[in-house]
Amino acid sequence: MNCQTALQQLTQRYAQQPERLSKQVRLEQALRQTINQEWPNQTRLPSHRQLAVALGVARNTLALAVATLVEEGLLITSHGSGTWSCKVATLGTSKHVDVQLSSRAQRVLRWPGASTVQSGAFVPGIPDIAQFPMRKWRQLYASVTVPQNSLLLSYSTGGYGPLKRAIKEFLERWRNIHCDTDQIIITDGTHNGIELCAMALADVGDRVAMESPCYWGARNVFTATGLNIDMVAWHPNLGHVLPGPPNKAKLVYLTGSHHYPLSVHTNPADKQRLCDTLSPTYIIEDDYEFNRNDHANLLFDPRSEHHLLVGSFSKIMFPGLRLGYLVVPRHLAGPMNRLRSELFREGRMLDQAVLAQFMFDGDLDTWCHRIQRDYLGRQQVLHDQLRTLPQVRSVSMPSSAISLCVEFEPGINDVQIAQALLKDHLVVRPLSPVCAKHDPRVGLVMGVGMLSGETLVREAQRLRRSLETLLR
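Following the UniProt record's numbering, the numbering of the sequence shown begins with 1 at its first residue and continues without gaps.
Some hints here could point you the wrong way.
[Said to hold, decoys possible] Keeping only pairs whose Cα atoms sit at most 27 Å apart, straight-line, the calculated DSS-like set for lysine-lysine is: (1) K250 <-> K437; (2) K136 <-> K168; (3) K136 <-> K23; (4) K248 <-> K437.
[Stated by the list, open to error] Simulated DEER-style distance windows between Cβ atoms: (5) D365 <-> T277: 52 to 60 Å; (6) Q100 <-> R472: 40 to 48 Å; (7) A269 <-> R303: 14 to 22 Å; (8) T277 <-> K437: 18 to 26 Å; (9) P162 <-> P236: 33 to 41 Å.
Read the hints as simulated data drawn from the structure, not as lab findings. In this text, a Cβ means the ideal position worked out from N, Cα and C, and glycines have one as well.
Make a model of the complete structure from these sequences and hints.
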């Protein structure tokens, strides 16, 4: 392949990337897609000067993008020899290696999990990271990184005290939850909090009941910790439908006030009836997505000896933060804090200090109010485009969450549709892989965090046109 053809293909891919992403991210995405889908192995790239001019990017931006792809092994560069593509070998051509993973690991890897594509139009689970006030965030890092704060470089046994106080006050304002700071455990995100619950509260072989459709990440964590999972279908208008005689569960895992991935309000009465039926020892509620006025949908009670609440800032702020919290019964706070220290060795005191100051300054509240208003408007745009499509049974009502769910009529292959959309650079997740075997629902889960304004309108129209063709 000549350099001119390679340049033309890369330019076309670059033009297809969402305009609201930074030029470097758009270029990295375009390079990955072109290398993997169009260029033969060892395709020589045009000179960096030609690339920068054709793409309209600065040489420094191009150099950073190329360096990222070199680290990933998709590009090879040599002084005086140029830059070449290096397509990763497929399983069919690589040397066979007998990998002896544990049975638990094999079960996890059989499930659909985290996508390798974490950006793009309608990718679910990613908040608006482009508009997040990163300048203020950087300033706070500079303010806490001073000589007298050298203790922030040590372990954070029990979590950073001021952050616990900030979370306590945030929960009072936003979730109408009044708990003690001692009940709050700082975690490295939702998965870490769920894993700590599984390790502390259940033994290998114990049963955990989850709703169908479920959050794939929680299912993977419970599988990895050796628990047996019972999936219970939940329908917004019908409640929970048990597939057979109920098994007593050690744990019940529920989404909080807003169901993920169905993206509808939950019903605390449904949750209570399920717990009365299964008689779990502990009830874990995951406050995945929420707004200030939906706390009445929570079953969680901070005074209870059986209720735990999992929370995270990744969906509110940005995924790379990986900081969250657990609110646990008072009698569990000490043992679970010690277990966390023994298993995971808490750290990241600098991050915790910055987050605490961000919350005390009122910046988190301001951000939540602003971005949730934006998400509501974005969901309305997408809802209006999709609700009249053929074979669409329902579209979740617009809300201030980042996710939206489209449910199809039975018989539609949602996995195939998601794969076809990906070829058009429309990133969504199929619903059926996170449903139980006895739950035949199919559909698509999509996000509104990566798109806004005219770009959102244009991409929503393109998504509608693509779905019209695929669903017919």
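Hints, one by one, checked against the model:
no.	hint	verdict
1	K250 <-> K437	holds, 22 Å
2	K136 <-> K168	holds, 22 Å
3	K136 <-> K23	holds, 22 Å
4	K248 <-> K437	holds, 20 Å
5	D365 <-> T277: 52 to 60 Å	violated, 38 Å
6	Q100 <-> R472: 40 to 48 Å	holds, 47 Å
7	A269 <-> R303: 14 to 22 Å	holds, 20 Å
8	T277 <-> K437: 18 to 26 Å	holds, 20 Å
9	P162 <-> P236: 33 to 41 Å	holds, 39 Å
Hint 5 from the earlier list is the only one contradicted by this structure; the remaining hints agree with it.
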